[in-house]
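Student: So you can see what is in the structure, the chains are spelled out below.
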Amino acid sequence: EAGVAQSPRYKIIEKRQSVAFWCNPISGHATLYWYQQILGQGPKLLIQFQNNGVVDDSQLPKDRFSAERLKGVDSTLKIQPAKLEDSAVYLCASSLKVHSGNTIYFGEGSWLTVV
Amino acid sequence: KQEVTQIPAALSVPEGENLVLNCSFTDSAIYNLQWFRQDPGKGLTSLLLIQSSQREQTSGRLNASLDKSSGRSTLYIAASQPGDSATYLCAVKGEIVGGAQKLVFGQGTRLTINP
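For the record, the sequence lines run as chains A and B.
Be aware that the first sequence starts at 1, since it is given in my numbering, and climbs by one per residue.
Be aware that the second sequence starts at 1, since it is given in my numbering, and climbs by one per residue.
FYI, nobody ran anything at the bench for these hints, they're computed from the structure.
We put the beta carbon where it would ideally sit given N, CA and C, even for glycine.
Treat the hints with caution; some may be incorrect.
[What the hints assert, rightly or not] Using 27 Å as the maximum straight-line C-alpha spacing, the simulated DSSO-like pairs for lysine-lysine come out as follows:
1) Lys68/B to Lys1/B
2) Lys68/B to Lys83/A
3) Lys102/B to Lys15/A
4) Lys78/A to Lys102/B
[Said to hold, decoys possible] Incomplete in silico selection of chain A near chain B, CB under 8 Å:
5) Gln41
6) Gly42
7) Leu45
8) Ala88
9) Leu91
10) Thr103
11) Tyr105
12) Gly109
My request is simple: use the sequences and hints to build the entire structure.
Tutor: Right, here's the structure in full:
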């Protein structure tokens, strides 16, 4: 079974530039998550989708971050304009359903450095 | 607001020792608790998932316990090996609130097994 795919793996941009990350969840998984993990910290949820609808985006900095999940499969996370403090790993994860005891599966992450 | 704490932040032990990693959470109204492993430069790999009605789960040399009433979980690793070196994160899934169900992570314990 293929895992959660993410790209690009690494990105270096200057502050005020924009960047986009792509995620393809495990086939059949209705729930998709984007997490931000700053070095030395645990992951923090940015946004959670159920199919193509947003379930929770309470911690997404909406002035600069946006995410979409068209057709309920792939998702993109965009940052515009980037700030130095956005340097982090952006992890995409998926699970079968939102409200369940199912395991959450993570991709390998997209590493962002803002200089 | 759920808060998850992992102690210690880092641990170094000789190969072959049995060890315990600790995780505590402030709100006992949880849905489940999951332990993950994160290798440098990689995403998170699920190790064990304990439902709120369960007391423990075992997989190979790993055993995770859950005590909801005291807000604690432990991950026991038997006969540690250098390949166990990684960061271990626990994450608590809360009850459904407003249609969403948050997964809150601890900061992780960085484990080093010395040959």
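Student: Against each hint, give a clear statement of whether it holds in the structure.
Tutor: Status of each hint after checking the structure:
Between Lys68/B and Lys1/B, the direct Cα distance comes to roughly 16 Å. Compliance with the 27 Å bound is thereby established for this hinted pair. Of the pairs offered as hints, the one joining Lys68/B and Lys83/A is violated, with about 39 Å between alpha carbons and a cut-off of 27 Å exceeded. For the given pair, Lys102/B sits about 30 Å from Lys15/A by alpha-carbon distance, which is inconsistent with the 27 Å threshold. Restraint check for Lys78/A and Lys102/B: satisfied, since their Cα atoms lie roughly 22 Å apart, inside the 27 Å limit.
Hint on Gln41/A holds. Least Cβ distance to chain B is approximately 6 Å, under the 8 Å limit. With its C-beta approaching chain B no nearer than about 3 Å, Gly42/A sits inside the 8 Å limit, and its interface hint holds. Taking 8 Å as the C-beta contact cut-off toward chain B, the hint placing Leu45/A at the interface holds, the least distance being around 6 Å. Taken as an interface hint, Ala88/A does not check out: its beta carbon lies about 13 Å from the nearest beta carbon of chain B, beyond 8 Å.
Among the interface hints, the one on Leu91/A holds; its C-beta lies about 6 Å from the nearest C-beta in chain B, closer than the 8 Å criterion. Proximity of Thr103/A to chain B holds as hinted, the smallest CB-CB distance being about 5 Å (cut-off 8 Å). Taking 8 Å as the C-beta contact cut-off toward chain B, the hint placing Tyr105/A at the interface holds, the least distance being around 7 Å. Hint on Gly109/A holds. Least Cβ distance to chain B is approximately 5 Å, under the 8 Å limit.
Hint compliance for this structure: hints 2, 3, 8 are not met, and every other hint is.
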